[in-house]
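> Make a model of the complete structure from these sequences and hints.
Note that the protein sequences, when read in sequence, are chains R and B.
Take the position in the first sequence, starting the count at 1, then add 42; the result is the number in the numbering used here.
Take the position in the second sequence, starting the count at 1, then add 42; the result is the number in the numbering used here.
Calculated directly from the structure, the hints in this document are not laboratory data.
One or more of the hints may lead you astray.
As the list claims (entries may be wrong) - Restricting the straight-line Cα-Cα distance to at most 16 Å, the calculated cross-link-like pairs of lysine to aspartate or glutamate (EDC-like) are:
(1) B:K261 - R:E210
(2) R:K52 - R:E181
(3) R:K261 - B:E302
(4) R:K225 - B:D199
(5) B:K52 - B:D205
(6) B:K261 - R:D139
(7) B:K225 - R:D199
(8) B:K52 - B:D242
(9) R:K52 - R:E210
(10) B:K113 - B:E130
(11) B:K225 - R:E182
(12) R:K225 - B:E182
(13) R:K261 - B:E279
There are 2 protein chains.
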Amino acid sequence: MTYCLGIVTKHGLIMASDSRSNAGYDQVNVVKKMHTFVQPGERVFVVLTSGSLSLTQSIMTLLRRDFDAGKGLATAPSMYDAARVVGEQVRRVSDIDRPALERDEYRFNVHLILGGQVKGQPPELYLVYPQGNPLAATEESPFLQIGETKYGRPILDRGIRFDRTTLEEAAKYALLSLDSTMKSNVTVGPPIDLLAYPVDELNVTRQRRFAADDPDLAKIRNRWEQALRQAILRLPEVRFRPAGARAATAAQEESIQLVEPPAGATTGETSASPAMVETSQPPQSQHSQQQPKG
Amino acid sequence: MTYCLGIVTKHGLIMASDSRSNAGYDQVNVVKKMHTFVQPGERVFVVLTSGSLSLTQSIMTLLRRDFDAGKGLATAPSMYDAARVVGEQVRRVSDIDRPALERDEYRFNVHLILGGQVKGQPPELYLVYPQGNPLAATEESPFLQIGETKYGRPILDRGIRFDRTTLEEAAKYALLSLDSTMKSNVTVGPPIDLLAYPVDELNVTRQRRFAADDPDLAKIRNRWEQALRQAILRLPEVRFRPAGARAATAAQEESIQLVEPPAGATTGETSASPAMVETSQPPQSQHSQQQPKG
Numbered sequence: 043m044t045y046c047l048g049i050v051t052k053h054g055l056i057m058a059s060d061s062r063s064n065a066g067y068d069q070v071n072v073v074k075k076m077h078t079f080v081q082p083g084e085r086v087f088v089v090l091t092s093g094s095l096s097l098t099q100s101i102m103t104l105l106r107r108d109f110d111a112g113k114g115l116a117t118a119p120s121m122y123d124a125a126r127v128v129g130e131q132v133r134r135v136s137d138i139d140r141p142a143l144e145r146d147e148y149r150f151n152v153h154l155i156l157g158g159q160v161k162g163q164p165p166e167l168y169l170v171y172p173q174g175n176p177l178a179a180t181e182e183s184p185f186l187q188i189g190e191t192k193y194g195r196p197i198l199d200r201g202i203r204f205d206r207t208t209l210e211e212a213a214k215y216a217l218l219s220l221d222s223t224m225k226s227n228v229t230v231g232p233p234i235d236l237l238a239y240p241v242d243e244l245n246v247t248r249q250r251r252f253a254a255d256d257p258d259l260a261k262i263r264n265r266w267e268q269a270l271r272q273a274i275l276r277l278p279e280v281r282f283r284p285a286g287a288r289a290a291t292a293a294q295e296e297s298i299q300l301v302e303p304p305a306g307a308t309t310g311e312t313s314a315s316p317a318m319v320e321t322s323q324p325p326q327s328q329h330s331q332q333q334p335k336g
Numbered sequence: 043m044t045y046c047l048g049i050v051t052k053h054g055l056i057m058a059s060d061s062r063s064n065a066g067y068d069q070v071n072v073v074k075k076m077h078t079f080v081q082p083g084e085r086v087f088v089v090l091t092s093g094s095l096s097l098t099q100s101i102m103t104l105l106r107r108d109f110d111a112g113k114g115l116a117t118a119p120s121m122y123d124a125a126r127v128v129g130e131q132v133r134r135v136s137d138i139d140r141p142a143l144e145r146d147e148y149r150f151n152v153h154l155i156l157g158g159q160v161k162g163q164p165p166e167l168y169l170v171y172p173q174g175n176p177l178a179a180t181e182e183s184p185f186l187q188i189g190e191t192k193y194g195r196p197i198l199d200r201g202i203r204f205d206r207t208t209l210e211e212a213a214k215y216a217l218l219s220l221d222s223t224m225k226s227n228v229t230v231g232p233p234i235d236l237l238a239y240p241v242d243e244l245n246v247t248r249q250r251r252f253a254a255d256d257p258d259l260a261k262i263r264n265r266w267e268q269a270l271r272q273a274i275l276r277l278p279e280v281r282f283r284p285a286g287a288r289a290a291t292a293a294q295e296e297s298i299q300l301v302e303p304p305a306g307a308t309t310g311e312t313s314a315s316p317a318m319v320e321t322s323q324p325p326q327s328q329h330s331q332q333q334p335k336g
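Here you go:
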């Protein structure tokens, strides 16, 4: 499994990916899923990949070969055309490999995210499906995810806005989204690749790989968990008011009330030290079911 | 789709469920997925259901009929035995309906969560699979989810501890977990049913249904979004230090740095007013892909 995401705001792009690849549970490898194509001052493309590693490697090899020969992504006149170039290579590898895969009941399964900018045009972000068709991120839906997308989505839904979120904030959201996913799902794992692309830079100069033991990654995780607990304390409190010894009826609906927390819970923070909050390490694993129908 | 969860701590149980049922996108109904069985002073069971509504209704009808006749859940000597009683009815309905369903390529798809207490024993929490076998929550894994489980899981992973989380806090986590899921997935929807069961109460006196327009639910959602943004501000800041005009290489890994936020970001909160934080409504919808393999 994989988790990659791209965020586009008016300030530029944030691209992030995990690095875990597995074929069954007993074969876990580290694979870089972030690929850059740069003509400084002219064009930048960042591609994130999920799906069968054999297939995504082929797609990237073909894209790179064309790019280095001055074709494909090297000449695409717009981001839309670049997304179509990526989609063409998806279809080419599909033509080559899909029949043999499907004969043995493997699915042709690749998803790619393409972010970048062509000189003179705004940065854009696309998702390319296994069928090769592209989907663009929009101002209303300014992020795209591939792979194990659900765990890391609520934080993005709550926080990312095309016209308000700075690139620095978007980078924090991306790290937290990836960290939340890694915590809840063992098939997504470090290192994390993070790339920031400010509008009109037309180069790639800001990227970092966070290893599993990266102290900055550990710090942001621990501080986030502390901050979440602080945030929970500040929410309206849930109060239980037993409604007598009868079985529950509609008349007892207010046996659970929300009230403002006592003063101590909100004013105890004047030193603003996250260390004030008791830290507790929640359990790491719990069985979850695959999405049944409700 | 559905999202239900149960949490067990040393203080008791929190049970919560959404109410959306759909058969295709154009037929959305409200269905109560929380069912209680009470013998005051003797035993309490709360069952949450996900899966085909026709099947879960049958299971609940059979459980209720036995219970009202003084059999089944009415006599189970322990929570484990009660989970087996539920599993037996799952298997009974499977025997009745599975062949006809599978002939038309429908899956036999039901998951149930059973929480409760039998007098003289501690409260327990079980998940019952479509095959009828039970899984118990443990002190290390003190919550169980069914349905659309992934969106709402990171907040539980970060916060719930069997021996530290109060029942009131657990209720907040449950509401936030459900709200996050509703925000990210339209197939999970209100009303939300919330039930709190304190150890040894042996009755159901604390429950509440939150409608879509419940002002308390809106308040907790808005305050949570404000608190998350505040929390993001307090995290170490991500700083980008451009590494020159060359293409990215390993030598540039520190072009993204994490540094403490400026004093204003952490000390500006002495009034502890969440209203200080600029509120922005993030976009609600974004296309997401089903879990490809990484």
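> A separate judgement is required for each hint: does it hold in the structure or not?
The hints, checked one at a time:
no. : hint            : in the structure
1   : B:K261 - R:E210 : 28 Å, violated
2   : R:K52 - R:E181  : 9 Å, holds
3   : R:K261 - B:E302 : 11 Å, holds
4   : R:K225 - B:D199 : 8 Å, holds
5   : B:K52 - B:D205  : 6 Å, holds
6   : B:K261 - R:D139 : 53 Å, violated
7   : B:K225 - R:D199 : 8 Å, holds
8   : B:K52 - B:D242  : 11 Å, holds
9   : R:K52 - R:E210  : 12 Å, holds
10  : B:K113 - B:E130 : 13 Å, holds
11  : B:K225 - R:E182 : 15 Å, holds
12  : R:K225 - B:E182 : 15 Å, holds
13  : R:K261 - B:E279 : 11 Å, holds
The earlier numbered hints that this structure contradicts are 1 and 6.
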